[in-house]
Amino acid sequence: MEAVLALRGVSKHFPTHCAVDNLSLEVERGKLYTLLGPSGCGKTTTLRLVAGFDQPTEGDIYLNGARINRLRPYERNISTVFQNYALFPHLSVQGNIEFGLRRKKHPDITRRVREMLDLVRLEGKESRFPAEISGGERQRVALARSLAVAPDVLLLDEPLSALDQKLRRQVRTELRSLQRSTGVTFLFVTHDQEEALSISDRVAVMHAGRLEQVGTPTDVYLKPATRFVATFVGTLNWINGAGLRPEAVRVGYSGPDEGRPCVRATVVESTFLGNRVHVEASLSTGERVVAELSRAEGPFSRGESVRLWWDPADELRFPAEAP
Amino acid sequence: MTRLRTLFLAPASTLLVVLVLCPTIVVCLYSLLTRGAYGGLGPPWTAESYLRLFDPLYLKLLARSLWLAVVSTGLCLLLGFPLALFISRAGRRKQVFLLLVILPFWTSLLVRIYAWMFLLRDTGLINTLLMSLGLTSEPLPLLYNDGAVILGLVYGHLPFTVLPIYAALERLDRSVIEASADLGARPLSTLWRVILPMSMPGIQAGGLLVFIPCLGAYLIPDLMGGGKSIMIGNLIQNQFTTARDWPFGAAVSLLLMALVLPLALLMLRGKPGRLA
Chain H
9 MEAVLALRGV
19 SKHFPTHCAV
29 DNLSLEVERG
39 KLYTLLGPSG
49 CGKTTTLRLV
59 AGFDQPTEGD
69 IYLNGARINR
79 LRPYERNIST
89 VFQNYALFPH
99 LSVQGNIEFG
109 LRRKKHPDIT
119 RRVREMLDLV
129 RLEGKESRFP
139 AEISGGERQR
149 VALARSLAVA
159 PDVLLLDEPL
169 SALDQKLRRQ
179 VRTELRSLQR
189 STGVTFLFVT
199 HDQEEALSIS
209 DRVAVMHAGR
219 LEQVGTPTDV
229 YLKPATRFVA
239 TFVGTLNWIN
249 GAGLRPEAVR
259 VGYSGPDEGR
269 PCVRATVVES
279 TFLGNRVHVE
289 ASLSTGERVV
299 AELSRAEGPF
309 SRGESVRLWW
319 DPADELRFPA
329 EAP
Chain V
15 MTRLRTLFLA
25 PASTLLVVLV
35 LCPTIVVCLY
45 SLLTRGAYGG
55 LGPPWTAESY
65 LRLFDPLYLK
75 LLARSLWLAV
85 VSTGLCLLLG
95 FPLALFISRA
105 GRRKQVFLLL
115 VILPFWTSLL
125 VRIYAWMFLL
135 RDTGLINTLL
145 MSLGLTSEPL
155 PLLYNDGAVI
165 LGLVYGHLPF
175 TVLPIYAALE
185 RLDRSVIEAS
195 ADLGARPLST
205 LWRVILPMSM
215 PGIQAGGLLV
225 FIPCLGAYLI
235 PDLMGGGKSI
245 MIGNLIQNQF
255 TTARDWPFGA
265 AVSLLLMALV
275 LPLALLMLRG
285 KPGRLA
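Residue numbers (my numbering), protein chains in the order written: chain H, 9 to 331; chain V, 15 to 290.
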């Protein structure tokens, strides 16, 4: 496995706080690697260190095995899709895409621009200005502009956050297929766990400047290494000291087969969602539990007494910390 | 809504009508009358003054004034842009530098021009210093020439370029500059291809704010040009005072206005939306 990008013990201190704390990670070539975490966890700072906009206080950054700490942004073959896209307002769509190609003296700019317009489906819009196109189109210009220079790594800083909810789902799928078809390594930053799980090859969950866990989306969701990861990536119930995902909890009037853990609860809310049923129940201790059931299992009425049970194999344990 | 708007605009529009429109009409009328024997003016109505504008002597003066104003504006922009760029990146000291730019306005231009004359004249500080050091035997001709007038115009108007350019640079999104570097542009390339074009509205506004008063300047060429390097503003002043030829003075004034107006309109027609 070849790492195109590697961070070794990277820290970034600001006068008031430490944004990135001894971070090490390796990004494999041609993969979509996601930094996932709440706002202020240091993921954007990490991206800025990789791009070269900020210098790490400690540690080293390697691109294709070469240390790039001291290289200026224009000396690194890395490009960025900014959160607000940062398109050049005085240049047309074509001018924006050409910008990097001209700076890097690309031998056939016309052909490359055409390829990019075709890739992001913006043919016919090349003479428009950023102010004259839609938000989704701007995002595609930003992508085309950064992909045109054939970067070793493409950094994406919450590129979907400026789009509306409906467009976001569609664009993230497009982003994923674009990544697959171009084979470019993507380093993607987001705070949206659904986004991260749905498109990534690898997810790195960050918290307070540190890496909590790195793994495939399935690993991170089903085998969270820490309580933080378990609660940040998806919903987590706590029943008798066991961590349970909503879909691992079963609800019924009678109990389960013998040998399964079971507790009594009262239904607080039951919502019919078409293909599934969402049940919120309250334990005798007052704790709330959320369960996702199939349509056949529900719905329930408010105030009904029910039993909750689960398969012990679905319990999440965090050996590193006390529950 | 319309009534409220009229009410709110009333003070400003009254002021503009009384202080700008009325005098302009008066000047228009003056320019079409005949000068009186002892100053003042009277009938008959005539376009005589306008015809005199085509005298090569005055056309040459006009060309000179335009030239001096263009050079001064160019120098103001050349000096003002880097200064504005520096201030916009000065972090917390920004306010201090901005204050320093505005500081000269706290004293009268007249006083400041006299200070320059004290520095530049034959017996002034610079020449005295140079001669006492034995660097020159004769005083250098620092005052009363075109160079001195340009120096004065640039000095007097520099803040008018710095402030609008600074405002334009302040509005510039930092991530756009980062995007430029990210795509392989070196700092000079970013300056030329991103920062400069994006601050163009400020540069245009600053240029216009300097060009218009420079073209009509009379105090600075009067004092620092010493009668040898006069501009169109001095001609107007002259006609209304020493020469007592009000109709001709009025005609020259209107010519000046006619030169400046198209420029101002051109600016207003600019497309600010594209850079918004």
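Rather than coming from a laboratory, the hints here were simulated on the basis of the structure.
The C-beta atom is built at its ideal place from N, Cα and C for all residues, glycine as well.
Treat the hints loosely; a few may be bogus.
[Said to hold, decoys possible] If the Cβ cut is set under 10 Å, some of the chain H residues that face chain V in the computed set are:
id, residue
1, L163
2, E166
3, C270
4, R272
[Stated by the list, open to error] Some residues of chain H that are not near chain V, with every Cβ distance over 10 Å (derived):
id, residue
5, P46
6, T88
7, L95
8, H98
9, V157
10, E182
11, L205
12, G242
13, G267
14, V298
15, S309
16, E312
In terms of Cβ atoms, is chain V entirely out of 10 Å range of H:L205?
Consistent with the label, H:L205 stays out of reach of chain V, its closest Cβ about 28 Å off (over 10 Å).
Was the hint right that H:L163 lines chain V, CB cutoff 10 Å?
Status holds, d = 9 Å.
Distance rule for H:G242, whose beta carbon must clear each one in chain V by more than 10 Å:
Consistent with the label, H:G242 stays out of reach of chain V, its closest Cβ about 32 Å off (over 10 Å).
Evaluate the condition: distance from the CB of H:V157 to the nearest CB of chain V exceeds 10 Å.
Given a closest Cβ separation of 6 Å, the condition is violated.
So, as I understand it, the hint says H:E166 touches chain V; can you test that by seeing if any CB pair is closer than 10 Å?
Nearest chain V Cβ about 12 Å off; hint violated.
Verdict on H:E182 as a residue remote from chain V, using beta-carbon distances over 10 Å
It holds; H:E182 is separated from chain V by about 22 Å at its closest Cβ, greater than 10 Å.
Can the hint on H:C270 be confirmed by a CB-to-CB distance to chain V that is less than 10 Å?
55 Å, violated
Checking a non-interface call: every C-beta of chain V should be farther than 10 Å from the C-beta of H:G267. Is that right?
58 Å, holds
Should the label of H:H98 as a non-interface residue stand, given a Cβ cut-off of 10 Å to chain V?
5 Å, violated
Using Cβ atoms and 10 Å as the threshold, tell me whether H:L95 really stays out of contact range of chain V.
8 Å, violated
Against chain V, does H:T88 hold up as non-interface, every C-beta pair farther apart than 10 Å?
5 Å, violated
Distal placement of H:S309 relative to chain V, Cβ over 10 Å
53 Å, holds
Comparing the model with each earlier hint shows violations of hints 2, 3, 4, 6, 7, 8 and 9; every other hint is respected.
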